[in-house]
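Asker: Top line first, the protein sequences correspond to chains A and B. Using the numbering used here, the first residue of the first sequence is number -18, and each one after it goes up by one. Using the numbering used here, the first residue of the second sequence is number 84, and each one after it goes up by one.
No lab work stands behind these hints: they were computed from the structure. Idealized CB from N, CA, C, for every residue including glycine. Hints are supplied without guarantee of correctness; some may be wrong.
What the hints assert, rightly or not - Quick partial rundown of chain A residues pointing at chain B, CB under 7 Å, derived from the structure:
no.: 1; residue: 64
no.: 2; residue: 67
no.: 3; residue: 72
no.: 4; residue: 73
no.: 5; residue: 77
no.: 6; residue: 79
no.: 7; residue: 81
no.: 8; residue: 149
no.: 9; residue: 150
no.: 10; residue: 151
no.: 11; residue: 206
no.: 12; residue: 232
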Amino acid sequence: MSGELSRLGTIAALSFRGSLAGLRVVGLTAFAAIPSLIVLALVSARPPSGTLANAALGLFPSLTLPIVVMVIVLVISIAQFRNEIDNETLVYLSDRSVRRPTIVVGKYLGALGASLVLVVPASLLPLAIATVGGGTPYPAAVPAATAVAAALAAVAYVGFFLFLGLVSRSALVIGLLFGFLWEELLPLLPGHVPQLTLIYYLRSYLSGTLMSGPLSGYPTTTPATSAVAVLLAVAVAFVLAGAAVFRYLETAPERTSA
Amino acid sequence: MTTGVVEAQELTKRYGEVLGLNRFTSSITGGITGLVGPNGAGKSTLFRLLAGQLKADAGTLTLLGHPAWGEGEFRRHVGYCPEHSALYEGLTGEAFVTTLLRVDGFSRAEAEERALRAIETVGLTEARGRRLRTYSKGMRQRVKIAQSIAHDPELILLDEPLNGVDPVGRSTLTELLETLQKAGRHIVVSSHVLYEVERLTDQIIMISNGRALAQGDLHRIRALIDAHPHVIDLETGNPRTVARFLGEWDHVTAIEFPGPGRLRVRCRAPEEFYRALPPLVVRERLDIRSLTSADDNLDAVFRYLSEGGR
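Just need the whole structure built from these sequences, with the hints factored in.
Answerer: Dropping the structure here:
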């Protein structure tokens, strides 16, 4: 068991390191900085302190969570398998004596760690800048809730996108369609349809955790604890599904020559 | 019943409409075995099947008695050096080998010790701290070989391992493979550069269009060739006279006139032809200026077999 844990840790560390290397991390870091840059621009306009605080906080559900966090997690997660299958580095892991589910879980943990390194600061820095620039601190529950929501988003989205990267060669396109159509449009539909999206549970968590401000008041019937449970369950389900798929997946890139 | 370290029976792999392997059957018993064939012949497909990257569409493939498709502890006894040069670019050479040993279940201390030893074996000690993205093609080949031998596997699969390696490196790696063989390791090595394999072993499998054309030592394959028409080119001042004499021999199956002063003879018993020709030339005072034949190296053997004996 300790041997398998050691292998898991090695694969997670390898994935974490690979996710935060090269030009990709430069691009993702720049992308993660967008909310902070917007808040910096707002600070330079010297708005009233309360307006600045609300505007900075309002970016989280409208920009940071549905776009910045989602795209960062998408890029990192899909690279775990899809890129490694396409450039054939995955064989260095898959031809070893390690069990294939261990590879999937290790890559999940590595991708999650790398995502958290980017999305948690992307969520908190705008609030910190608004606080410094406007002089009005947020209640401690606000940055805590945004950080947890960003982390929960990473937990669930990494699981889903990792799975997507395993089963589809068009994972990036499908992931973007999922992020910008499924996650954005379905919540606008009436009835229980919004419950088919992950963003619904993230907003439910925020709404259930914070009693006032731009992050509260989301029309939801799901308590925060249930929302967290659903997000965790989604992550576990997709990791398990990924592990099952990977056991039977050919990992050589598609080609037509021998 | 499986007896070889690698056993392939009627192995077929398709890429859509393209056949990567076509009912490939072979048994590799041990030592160094060369898998020889041109690019696209199916060598890498076979290696990917052996590495568990691909699943066969039909037939069976075992290595060390285990089905090649699927995970298992037996993979700790197999080392694989892929043909492609992709690596985890952000890692150093040392970290690359150490990490893969850790994935194989070795403790940190043992992994580090083994990695250093393997890196030294392939002559990369000085470059071990450099990131892989800075490695030359030859260095990349060597670090791939290092990761394939670092865990001391029983069976080592090397797909075009000498590709891109400089002459000194080739010599070093050739010696390394011989050392590993002497240590009881089984090695399957592929190449499309035939003399490389010829230098390593005379146990060869010739593959073309996804099929095993021939298997055995070079002399057996040579005998196989001798069972088929053998092409001999002659330059002579009097082709028609020479052709008349040669045409009387039973083992000569065809005579062509490819150009002025030239003859191409196809015969089924080349050794008999070479034995009988000099007395004929002396007796009939024939003017034969040169005689060329497919030489006895692997290249000629392969060309002959891959063309189906035409």
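Asker: Compare the structure with the hints numbered earlier in the document and write down the numbers of the violated ones, lowest to highest.
Answerer: 1, 2, 8, 9, 10, 11
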